[in-house]
Amino acid sequence: MTNWREKLRAALVIARRDFVAVIWSKTFIFFLIGPLFPVLVGGLAGNIGDKVQQSADRPSIGLAMGSGDVDRLLRARDDLDGRLAGPMPEIVVLKRLEPGEAFNPRAALSSSDRQVTAVLSGTLAAPTLSGPPERLRQWVGLVSNLAANAQADKALAYPQVAMDEVAGTAAKVRSGQAATAQGGQVVLFLLTMLLAGMVLSNLVEEKGNKIIEVLAAAIPMDAMFMGKLFAMLGVSLVGIAVWGAAGGTLVLLGGQGMPALATPAVGWPLFLVLGFLYFAMAYLLLGSLFLSVGGMASTVREVQTLSMPVSMFQLMVFFFSSYALTAAGTWVEWLSWVFPVSSPYAMLARAAQHQEVWPHILALGWQALWVVLIVRAGAQLFRRSVMKSGPSQGKGVWSRLLRRGVAKPY
Amino acid sequence: MKIDLGEWPVSGNDIEAASVELAIEARGLVKRFDGFTAVDGVDIAVPKGSIYGILGPNGAGKTTTLRMLLGIIDPDAGYRRVLGCERPTEVARRIGYLPEERGLYPAMKAYEAIAFLAALRGVPLKEGRRLGREMLEEHGLGYAADRQIRQMSKGMAQQVQLLGTLVHQPDLVVFDEPFSGLDALNQGKLERMIRALAARGTTVIFSTHVIAHAERLCDQVAIIAGGKVPFAGSVDVARDRLRPQVRLETRVIDGPWRAALPVDARHEGAFWYFTLPESGIEPLLRALIEGNAGILSLSIERAGLHDAFVAIAGEAAAKALEEGKGDVQ
Chain A
5 MTNWREKLRA
15 ALVIARRDFV
25 AVIWSKTFIF
35 FLIGPLFPVL
45 VGGLAGNIGD
55 KVQQSADRPS
65 IGLAMGSGDV
75 DRLLRARDDL
85 DGRLAGPMPE
95 IVVLKRLEPG
105 EAFNPRAALS
115 SSDRQVTAVL
125 SGTLAAPTLS
135 GPPERLRQWV
145 GLVSNLAANA
155 QADKALAYPQ
165 VAMDEVAGTA
175 AKVRSGQAAT
185 AQGGQVVLFL
195 LTMLLAGMVL
205 SNLVEEKGNK
215 IIEVLAAAIP
225 MDAMFMGKLF
235 AMLGVSLVGI
245 AVWGAAGGTL
255 VLLGGQGMPA
265 LATPAVGWPL
275 FLVLGFLYFA
285 MAYLLLGSLF
295 LSVGGMASTV
305 REVQTLSMPV
315 SMFQLMVFFF
325 SSYALTAAGT
335 WVEWLSWVFP
345 VSSPYAMLAR
355 AAQHQEVWPH
365 ILALGWQALW
375 VVLIVRAGAQ
385 LFRRSVMKSG
395 PSQGKGVWSR
405 LLRRGVAKPY
Chain B
9 MKIDLGEWPV
19 SGNDIEAASV
29 ELAIEARGLV
39 KRFDGFTAVD
49 GVDIAVPKGS
59 IYGILGPNGA
69 GKTTTLRMLL
79 GIIDPDAGYR
89 RVLGCERPTE
99 VARRIGYLPE
109 ERGLYPAMKA
119 YEAIAFLAAL
129 RGVPLKEGRR
139 LGREMLEEHG
149 LGYAADRQIR
159 QMSKGMAQQV
169 QLLGTLVHQP
179 DLVVFDEPFS
189 GLDALNQGKL
199 ERMIRALAAR
209 GTTVIFSTHV
219 IAHAERLCDQ
229 VAIIAGGKVP
239 FAGSVDVARD
249 RLRPQVRLET
259 RVIDGPWRAA
269 LPVDARHEGA
279 FWYFTLPESG
289 IEPLLRALIE
299 GNAGILSLSI
309 ERAGLHDAFV
319 AIAGEAAAKA
329 LEEGKGDVQ
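Quick mapping for you: the protein sequence lines, in order, are chains A and B. End of the first sequence = 414 in my numbering, gap-free, step of one. End of the second sequence = 337 in my numbering, gap-free, step of one.
Looking at chain A on its own, in the form it has when it is part of the complex (with noise of 0.2 Å):
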């Protein structure tokens, strides 16, 4: 067997050619700019929706009740401003009623003179309260509590409450730490799913150029799968990298801190290094499957075709890493850990929620051992279905897929 050293030196040799071919390439440039483009148009969507939000649909209550109800419900609405949780609908007089005096609340609503969303009216004593559902369930508990205060003879004393504060409560740490077990993962599988799919097309050159042949005959297989995967992984750390840096600055120029989220149990600067080397476990893992995938495709139509079930593939193992996350302590948080392709982004939650480390050593070489097993078989599967190697009994997918090792038929 070629030593593992020589594999090496030639996986660098591919991996350096191939980054190099991609980063000096005029289509890198558009490669970095592409995320800032749904970036940038959801900003853009994000507040043209506010305030066509913003002028369409300002909560407001408008009031119809006698003229001292009116005065008294308006100052009950400016002692309860800023003492209930969540914004105060704005209240609008749209009529001071005359003893006796009829009002249509239905009429009201659909006017286009005064738009409301709800209409208050009747007695202190019986208000009625006129609406779309929604609302209704929401402002049922307001009105009736505005109605109370206003009904009051004196104005009510509101006593001083002393607050000491706690940092943190055990229930409010386990949750944080869940939203940063959640966050991270959603950040793994953002950038997965992006760069992961690269790799797909990647023999698809060689293939079209008659390279392979040169290179198959020099080097192993298996050392240019992996040369391949090294190269994509350092694109897509470049990639990372410029994207960091230009978010970062952003933040840092539109002076705005960082979402709070909790501290993972690991601790930032240990999260942060287990986050890269499970991105990169990720990326191999998905990439070594992907290339062994996109080996087979002869032309970049059958990899396009490919492309749509490999996204498919990415968000399933996604939704069953999350699943995980809530199924704490059953099987299949077992299963997520244990099994290859969601074990990077299942224990970048755990080292969240969880402070040992030595189950990460021992996840990241289980990893690092799949990725030698996927390429290995990857390139066998090359090797016997495009190259056309080994014994030829057996056409079936499966029985190539399971025959191992190189072919010693003699």
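Simulated from the structure, these hints should not be mistaken for laboratory data. Since the model is a prediction, treat every value here as computed from it, not as a measurement.
Below, computed lysine-lysine pairings styled on BS3-like, alpha-carbon distance capped at 25 Å: (1) B:K117 <-> A:K211; (2) A:K11 <-> A:K392; (3) B:K162 <-> A:K214.
Place chain B on chain A using the hints.
Using the frame of chain A, we list chain B on its own:
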């Protein structure tokens, strides 16, 4: 015409028996693709430092044989030993390979392409770059060293790949149809290069469907047809297996001398053609003179490799060979 071939086939075993050091030894190589047997029990023995040709028409199994010898594909059955190793990929650093379908990365510069091919075979990148520039300069392509492969003509790109095949000074060079796609000038250049390689002790094995190249260059050939090798040995042995052909021109059309001609003699125009009898030329000459043939001319021609090929591989293979050679020199 029936030609006496003596004992067939002559195999590489004869060479081994003569205890020649071998660069390549293969026995009973078999390769099937989806039920089709592309190579069927090929035996090859390539002496170190020799120029060895695999001669056969398109589809005969030449490329598949070379790919098995290089370890690109594994045989379904058989044994191979290349530079003393049963796994050819383990001695890949000592081998240079130019495949039939040439290919380089189009965006690479010429000297970088050579350096890359060198790096694949274990030459440090810096050294490969230096060698790349040096070789390009040596072969009159120095001006194109910084040109991308995509900006080069097909012929120039082929030359760059050829240099990349040799940059690491391999002990064994394998060329698959090296002359195809080259003009006459470059074919001559390549022939000289192959001779120079052999002169410095490098073993060269190449496949071709052009007999002239094999005849001019090779110390040994394997004739391959239908996946089998009916002959493997020296070019001289192949030719010597055919009896020399006699061309006779006489003043007298008929007479008692006609009895001296072998039964396979045929008359075309003014000449008689026949295989030199086993008894040699002297008894024949005596009989012709005594029979008053009135000899105007008589020539004895040694059989060419083409005749040997026809005799060994058959008319059909020879015809296929003729049809396949678009660029015969």
